[in-house]
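**Q** Could you slot chain B onto chain A? The hints should help.
In the order they appear, the protein sequences are chains A and B. Numbering of the first sequence is given in our numbering, commencing with residue 1 and proceeding in unit increments. Numbering of the second sequence is given in our numbering, commencing with residue 1 and proceeding in unit increments.
Check before you lean on any hint, since a few could be wrong.
Identical copies go unnamed one by one, so any copy, or any two together, can satisfy a pair.
[As the list claims (entries may be wrong)] Listed next, the in silico DMTMM-like pairs over lysine to aspartate or glutamate satisfying Cα-Cα at most 25 Å (straight line):
hint	residue 1	residue 2
1	Lys137	Asp112
2	Lys137	Glu185
3	Lys55	Glu45
4	Lys327	Glu226
5	Lys55	Glu72
6	Lys33	Glu342
7	Lys83	Glu286
8	Lys33	Glu58
9	Lys28	Asp258
10	Lys33	Glu72
11	Lys254	Asp43
12	Lys55	Asp283
13	Lys60	Glu49
14	Lys252	Glu26
15	Lys254	Asp25
16	Lys55	Asp43
Keep in mind the hints are simulated off the structure, nothing from the lab.
Number of protein chains: 2
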Amino acid sequence: MSMQLSNRGINIPASPIRKLVPFADEAKNRGIKVYHLNIGQPDIETPVEMWDRIKNYEEKVLAYGPSNGLLEFRKGLSNYYAKYDVHVSPSEIIITTGGSEALLFAMLATCDAGDEVLVPEPFYANYNGFAVYGDIKVVPVTARAEDGFRLPPKEHFLQKITPRTRAILISNPGNPTGVVYTKEELQVVADIAISHNLYIIADEVYREFVYDGEKYTSIMTISGVEQHAIIADSISKRFSACGARIGNLVSKNKVLMDSIMRFAQARLCPPTLEQVGAIGALDVPESYFEGILTEYQNRRNIIYEGIMSIPGAVCMRPKGAFYVIAKLPIDDGDAFAQWMLEEFSLDGATTMVAPAAGFYATPVLGKDEIRLAYVLKPADLTQAMRVLAAGVEKYRQVKGI
Amino acid sequence: MSMQLSNRGINIPASPIRKLVPFADEAKNRGIKVYHLNIGQPDIETPVEMWDRIKNYEEKVLAYGPSNGLLEFRKGLSNYYAKYDVHVSPSEIIITTGGSEALLFAMLATCDAGDEVLVPEPFYANYNGFAVYGDIKVVPVTARAEDGFRLPPKEHFLQKITPRTRAILISNPGNPTGVVYTKEELQVVADIAISHNLYIIADEVYREFVYDGEKYTSIMTISGVEQHAIIADSISKRFSACGARIGNLVSKNKVLMDSIMRFAQARLCPPTLEQVGAIGALDVPESYFEGILTEYQNRRNIIYEGIMSIPGAVCMRPKGAFYVIAKLPIDDGDAFAQWMLEEFSLDGATTMVAPAAGFYATPVLGKDEIRLAYVLKPADLTQAMRVLAAGVEKYRQVKGI
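This is chain A alone, in the form it adopts within the complex (with noise of 0.2 Å):
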């Protein structure tokens, strides 16, 4: 008998945007450059007030910290939430091991095995993954490129609800869709979860990144989800230390978040010394965000008019995140994704992409589909996207397509 793994260990999911990773090393290897917008990691510079702190941190023992996270540092988020209208004390946070941890902790402590999720879809493919880890069901509710991606009309949720739903997780700026959700979406996701009593749980980890003039609407802000919303949020796009793996739940239903300390105190704690440094970053002035933001609305458009110069490409103008859908005159985004690895390249060169059938939950959807995350300089951008158009093209004439 050979050794057999849980369900969940075979059902869990390679991630889409991770999974290609070692041909990326093999062509590196090769002597390849590799441009990555598989991965929404920034090249922006981790502010020094961060670093700072963390340099200058004089205990001689790496000790654990409290389970819910430092106070100092929940305090200081407690402020920074009063900006964007949402008011919560330091008791209504939970630091956690990056946004992952928020999403797991938010899933696990809300549903039981083989309960449901509803979810509008293309949404972050990891979202899967943490549903694997606690055999819950992830229900897409199609969101339409034609449409911008923006929230499917209320009816297709209210058809997807059973007995056993039990939360509606939106990403809001959306990765990977960059739609920016208008307090009246807001309004109807609030409207279903008051209704039918379910909680809301919302990825708002992009709320810094929102272009052309679009705001950022938290649903906290909503009225009548105190005891509904739970927000997953993170520091790694914010302060770009998405390696620190520094998150926080925010909710204000007390017996809630009791039953997520105690998730909390079963590991521990999150990582102590970036959670130091992330009190640093706190006192980064906004003068850092405003020349982030031009910077990522600029990159924006590089990414967005290179898409549309590809003849046969779709996409649209996203909003807000640093991720957009592309659908492309390919077959197979898997395949193609890989391929640009393996066997392509232009003056030395290559595209890493992460294929977006992992960012649906129905199959089929997605496959001529592929995410980009629009996070490096603008030189390399163009640069990755002139070999991207190339490797389309040359791909299509190899297929055969």
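**A** Below, chain B without anything else, positioned relative to chain A:
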């Protein structure tokens, strides 16, 4: 209708190690000094080699690392294990966010909701927590204090095996028991696992902490367990770096490791900066551990003698790790531990302990026991034990025991 939690959200236990922290904070606010024997947070300094690497880190972006951890760190760990006769390649190691995540991943990849894990009891309380994350059932096999918490007889394991049994989980050296399993005991575990096709999850984070000439043996040195054995490990205790949240898994079962890699991808990566620091810590000379071992053996003696000086107290001299389970002449360890923080002080100080009931899965067991961690300096430990002894005497008077 009020919002409901999931059953696991209701059932997730508070950590017996951490749940009394609010009472400790209140005591401190009243000006009471609190000796923390509740938690395995050593006061040994984190090696300068680790701090130096962190403080000299020159990257400008605190970026994501690989989901399975930095290759240089995994190479270093591969060399480290060889010293203990465990021969694994870097690809047979996955870096995790603390030993906590290593345990969680091992359980999720091997067990579905409703599956069972056999665990000698008493056991590290957080095993209960991770089991609840995944809706997994912890099935205790009781070890007896009178037997020095040695491995329960083989038949006691066999009696508890059902069609849902998927794994045996052991801690060696043992938290909270201080037991160090012999090669013969590990052979018994291996025989059961092999004959019943079970995984063995071995929590071996305390391998450096073994006293009185006892010898630590890794489960992976037992022949025939290659496809069964999973080591859960951590640098938290070894390098007194609990707040780093750096652990790792080791297994030679490739299918299992491929699955765990996908769990790892979902949460992106473990903290980057502390991995860099941990690479530095791998250079710590052997003499670092020799000094620490002498120190801990001394601490162990102080705490053991302190317990034995309490009339009616029972405990075995622990042989490894840095915990001891002590039976006290009290009615209820939870009530006693809270009372020590709320009601008692001696010369302005009190001692915080972990009630032991949370380290058992069998109801009633451990109710008159506490767990103590001997992680403080000898002078502090001596004081803490003097306060504890006085507290027990006073508690018995007050409660009329």
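**Q** Against each hint, give a clear statement of whether it holds in the structure.
**A** Quick rundown of the hints versus the structure:
no. : hint            : in the structure
1   : Lys137 x Asp112 : both (10 Å within a copy, 14 Å between copies)
2   : Lys137 x Glu185 : within (24 Å within a copy, 41 Å between copies)
3   : Lys55 x Glu45   : both (16 Å within a copy, 17 Å between copies)
4   : Lys327 x Glu226 : neither (38 Å within a copy, 46 Å between copies)
5   : Lys55 x Glu72   : both (18 Å within a copy, 22 Å between copies)
6   : Lys33 x Glu342  : within (12 Å within a copy, 63 Å between copies)
7   : Lys83 x Glu286  : within (11 Å within a copy, 52 Å between copies)
8   : Lys33 x Glu58   : between (40 Å within a copy, 23 Å between copies)
9   : Lys28 x Asp258  : between (47 Å within a copy, 23 Å between copies)
10  : Lys33 x Glu72   : between (43 Å within a copy, 22 Å between copies)
11  : Lys254 x Asp43  : neither (38 Å within a copy, 34 Å between copies)
12  : Lys55 x Asp283  : both (16 Å within a copy, 21 Å between copies)
13  : Lys60 x Glu49   : both (21 Å within a copy, 12 Å between copies)
14  : Lys252 x Glu26  : between (48 Å within a copy, 24 Å between copies)
15  : Lys254 x Asp25  : between (46 Å within a copy, 20 Å between copies)
16  : Lys55 x Asp43   : both (21 Å within a copy, 21 Å between copies)
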